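Turn these sequences into a full structure, and let the hints guide you.
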Amino acid sequence: MLVEASTMLKLENCKAKDNMASKDTVLEVNDLHTYFFNRRGITKAVDGVSFSLKEGETLGIVGESGCGKTMTALSLLGLVPKPAARIVSGEIILDGEDLVKKTTKEMRDVRGKKISMILQDPQTSLNPVFSIGNQVMEALGVSNKLSRKEMVGRAVDALRNVRVAAPERRMSDYPHQMSGGMKQRVIGAIAISSTPKVIIADEPTTALDVTIQLQYLQLLREIQEETGLAIIFITHDFGIVARMCDRVAVMYAGRIIESGDVRTLFNSPTHPYTQALMASVPQMDRTERLFAIDGQPPALFALPEGCRFAARCSHVKDHCTQEYPPTGQPETDHNVSCWMVDPTWDQTPQEAIS
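Residue numbers for the sequence shown, in my numbering: 4 to 357.
It should be emphasised that the hints constitute simulated quantities derived from the structure, not laboratory data. Computed from a predicted structure; not experimentally measured. Hints may contain errors.
As the list claims (entries may be wrong) - List of simulated lysine-lysine pairs, PhoX-like, C-alpha gap at most 20 angstroms:
no.: 1; residue 1: K116; residue 2: K105
no.: 2; residue 1: K148; residue 2: K108
no.: 3; residue 1: K152; residue 2: K104
no.: 4; residue 1: K108; residue 2: K85
no.: 5; residue 1: K200; residue 2: K117
no.: 6; residue 1: K85; residue 2: K105
no.: 7; residue 1: K148; residue 2: K26
no.: 8; residue 1: K47; residue 2: K108
no.: 9; residue 1: K85; residue 2: K104
no.: 10; residue 1: K26; residue 2: K47
no.: 11; residue 1: K116; residue 2: K200
no.: 12; residue 1: K200; residue 2: K105
no.: 13; residue 1: K108; residue 2: K26
no.: 14; residue 1: K200; residue 2: K148
As the list claims (entries may be wrong) - The following label-pair restraints were derived from C-beta to C-beta distances:
no.: 15; residue 1: S182; residue 2: D288; range: 27 to 35 angstroms
no.: 16; residue 1: T209; residue 2: I45; range: 23 to 31 angstroms
no.: 17; residue 1: E228; residue 2: G44; range: 41 to 49 angstroms
no.: 18; residue 1: N130; residue 2: E326; range: 45 to 53 angstroms
no.: 19; residue 1: N130; residue 2: E153; range: 19 to 27 angstroms
no.: 20; residue 1: F304; residue 2: D34; range: 18 to 26 angstroms
no.: 21; residue 1: K320; residue 2: T209; range: 34 to 42 angstroms
no.: 22; residue 1: Q278; residue 2: E326; range: 15 to 23 angstroms
no.: 23; residue 1: N137; residue 2: M110; range: 20 to 28 angstroms
Even glycine gets a Cβ: it sits at the ideal position worked out from N, Cα and C.
Written as structure tokens, this is what we have:
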């Protein structure tokens, strides 16, 4: 199911940053479309996604599997699986440059140095036949022109920064000599080794035990506070969102259907899909049967004309199935794509026309 049990946290544990408004914007995504082209037609994996990210800020992107979270991340990195997929339109502005317009060669200079990614499975992300040191130095060599001595020093520093004990000795170790939690720290060291401004963490705690998850999340927060990193946290766990994120974007069928400050979203979830996700979170004090969202998300190659959640929504009206809803703002900096926030929602058709 969408949300893992035992990690749902109370709102008072949500991270708060009152000075975020004064921070500079490091990443801005405008109307991003990434499509797959195949025999079935066009699969709209990312279909008009927009968001921004400030220095030192953490944005959580949540949603069911297949909603477009990871494809959004791969689009930011210029790693969409070509030729089957490509970025059709939109802007990805990082440090004042549009990454969509960059060539494959130019993107190699961006990845690692300006934007990096922590993958979710440390078991398959590290090469078993190369030492830890070689793998960290390889990432440094791609992003920077350094001598071997400089790369060794930077690699040791990166391992030390992610709290790997005795980093000089660990440089010669191989992945099989490390625990899952330690491997994930190495993945983090590779990601931060070239001091990027933005890191995308794609389900980085999925393969870790619950106790190790907490340690790793605390580590990421400490690194962020020390370096001013901006983080995009892709997850299906609202507990992680509550603990780590400043803002949240809820994705469904390739689009962001609700976004806002983490406290606002937890206190006032407005879109029926967001409400359903919140209701499906297991909690220790509940004794009733767990709530499950009926139905399945629509196929991305055969999307409906209207709201993409309409077939599963308990509030659906005729208008919902005919036209995609505009984005409304029930509160400042709280965006919702749902007809329920439209002023005419509770009116009869005759009243709405008049």
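Hints, one by one, checked against the model:
1. For a cut-off of 20 angstroms, the pair hint linking K116 to K105 stands: about 15 angstroms separates their Cα positions.
2. Distance hint between K148 and K108 is fulfilled; the C-alpha atoms sit about 16 angstroms from each other, no more than 20 angstroms.
3. For the suggested pair K152 and K104, the alpha carbons sit about 35 angstroms apart, so the restraint of at most 20 angstroms is broken.
4. Distance check on the hinted pair: K108 and K85 sit about 15 angstroms apart at the alpha-carbon level, within 20 angstroms; holds.
5. Only pairs whose Cα atoms come within 20 angstroms are accepted, and K200 paired with K117 is accepted, the gap being roughly 5 angstroms.
6. Between K85 and K105, the direct Cα distance comes to roughly 15 angstroms. Compliance with the 20 angstroms bound is thereby established for this hinted pair.
7. Restraint check for K148 and K26: the C-alpha separation of about 30 angstroms exceeds 20 angstroms, so the hint is violated.
8. A hinted pair counts as satisfied when its Cα atoms are at most 20 angstroms apart, and K47 with K108 does not qualify at roughly 26 angstroms.
9. For the suggested pair K85 and K104, the alpha carbons sit about 16 angstroms apart, so the restraint of at most 20 angstroms is met.
10. This hinted pair does not check out: K26 and K47 have alpha carbons roughly 33 angstroms apart, beyond 20 angstroms.
11. Straight-line distance between C-alpha atoms of K116 and K200 comes to about 8 angstroms, which keeps the hinted pair within the 20 angstroms bound.
12. A C-alpha spacing of about 18 angstroms is found between K200 and K105, which places the hinted pair at or below 20 angstroms, so the restraint holds.
13. Restraint check for K108 and K26: the C-alpha separation of about 31 angstroms exceeds 20 angstroms, so the hint is violated.
14. At most 20 angstroms may separate the alpha-carbon atoms for a hinted pair to count; K200 and K148 meet this at roughly 19 angstroms.
15. Restraint check, S182 to D288: a C-beta distance of roughly 33 angstroms satisfies the suggested window 27 to 35 angstroms.
16. Between T209 and I45 the C-beta distance comes to about 30 angstroms, which sits within the given range of 23 to 31 angstroms.
17. A hinted range of 41 to 49 angstroms holds for the C-beta pair E228 and G44, which are about 46 angstroms apart.
18. Between N130 and E326, the C-beta spacing of about 50 angstroms keeps the proposed range 45 to 53 angstroms intact.
19. One distance hint, 19 to 27 angstroms for the beta-carbon pair N130 and E153, holds here, with the actual separation near 22 angstroms.
20. Checked against the given bound of 18 to 26 angstroms, the beta carbons of F304 and D34, roughly 21 angstroms apart, stay inside it.
21. In this structure the hint that K320 and T209 lie 34 to 42 angstroms apart at CB holds, the actual value being about 38 angstroms.
22. Distance hint check for Q278 and E326: the Cβ-Cβ separation is about 22 angstroms, which falls inside the suggested range of 15 to 23 angstroms.
23. In this structure the hint that N137 and M110 lie 20 to 28 angstroms apart at CB holds, the actual value being about 23 angstroms.
The earlier numbered hints that this structure contradicts are 3, 7, 8, 10, 13.
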